[in-house]
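Participant: Sequence:
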Amino acid sequence: MLRAALAFPLLAGLFQCAGDETLSGYGASDATWKLVEINGETFAADATLQFPEEGKLTGQGPCNSFFGTQGEPYPWFKAENIGATRRACPELAAETLMLQSLEKMTLVEVTANVLLLTNDAGEQMVFEALP
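Numbering follows this note's numbering, with no gaps: position 96 of the sequence shown is 99.
Be careful, since some hints might not be right.
Claimed, not checked - When the alpha-carbon atoms are kept at most 35 Å apart in a straight line, the in silico DSBU-like pairs for lysine-lysine are as follows:
| id | residue 1 | residue 2 |
| --- | --- | --- |
| 1 | K37 | K107 |
| 2 | K37 | K59 |
| 3 | K59 | K81 |
| 4 | K107 | K81 |
| 5 | K107 | K59 |
| 6 | K37 | K81 |
Said to hold, decoys possible - Just the calculated beta-carbon pair ranges, DEER-fashion:
| id | residue 1 | residue 2 | range |
| --- | --- | --- | --- |
| 7 | N84 | P134 | 17 to 23 Å |
| 8 | D23 | G43 | 27 to 33 Å |
| 9 | T114 | D49 | 20 to 26 Å |
| 10 | V39 | D123 | 18 to 24 Å |
| 11 | E83 | A124 | 28 to 34 Å |
| 12 | G30 | E126 | 30 to 36 Å |
Calculated from the structure, these hints are not laboratory results.
Virtual Cβ for every residue (Gly too), placed ideally from N, Cα, C.
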């Protein structure tokens, strides 16, 4: 019984030291990412994506700001619970495409200047770090 009582604080401490295993813990939180391409086509509208803290994503689409969660361990990716403001603009179709594409992505690769989201269907989103 005493061993179990002594082991619990040790185990709890190990779980706390695990760190951020999501994308924000692997270099993505250091940048604002500008969407430049969806499925091989240039994304002409302005849109950004950020990972401000563990399990969170935020961004600015052509019309609206958005937010959501991302709790998968790197290199997996799953954007969930995406919400957005509700402003209309001429580029609303591009924004809808961007948000729908973001929800389909399942893998991520991040380097110093490029963030690549992909899925098993061959779809991809390419982001570049803003200076």
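Participant: Please go over all the hints and tell whether each is borne out by the structure.
Facilitator: Now the hints, each set against the structure:
As the CA atoms of K37 and K107 are separated by approximately 18 Å, the hinted pair is consistent with the 35 Å bound. Under the criterion of a C-alpha separation no larger than 35 Å, the hint pairing K37 with K59 is consistent with the structure, at around 17 Å. Distance hint between K59 and K81 is fulfilled; the C-alpha atoms sit about 11 Å from each other, no more than 35 Å. Distance restraint check for K107 and K81: the Cα-Cα separation of roughly 8 Å lies within the 35 Å cut-off, and the hinted pair is therefore satisfied.
This hinted pair checks out: K107 and K59 have alpha carbons roughly 17 Å apart, not beyond 35 Å. For a cut-off of 35 Å, the pair hint linking K37 to K81 stands: about 19 Å separates their Cα positions. Range check, N84 to P134: Cβ separation about 30 Å, and the 17 to 23 Å hint is violated. Between D23 and G43 the beta carbons are some 31 Å apart, a value that agrees with the proposed interval 27 to 33 Å.
Separated by about 22 Å at the C-beta atoms, T114 and D49 satisfy the suggested range of 20 to 26 Å. Remark: the range hint 18 to 24 Å for V39 to D123 is upheld by a beta-carbon distance near 22 Å. Range check, E83 to A124: about 18 Å between beta-carbon atoms, so the 28 to 34 Å window is missed. The hinted window of 30 to 36 Å between G30 and E126 is violated, with their beta carbons roughly 23 Å apart.
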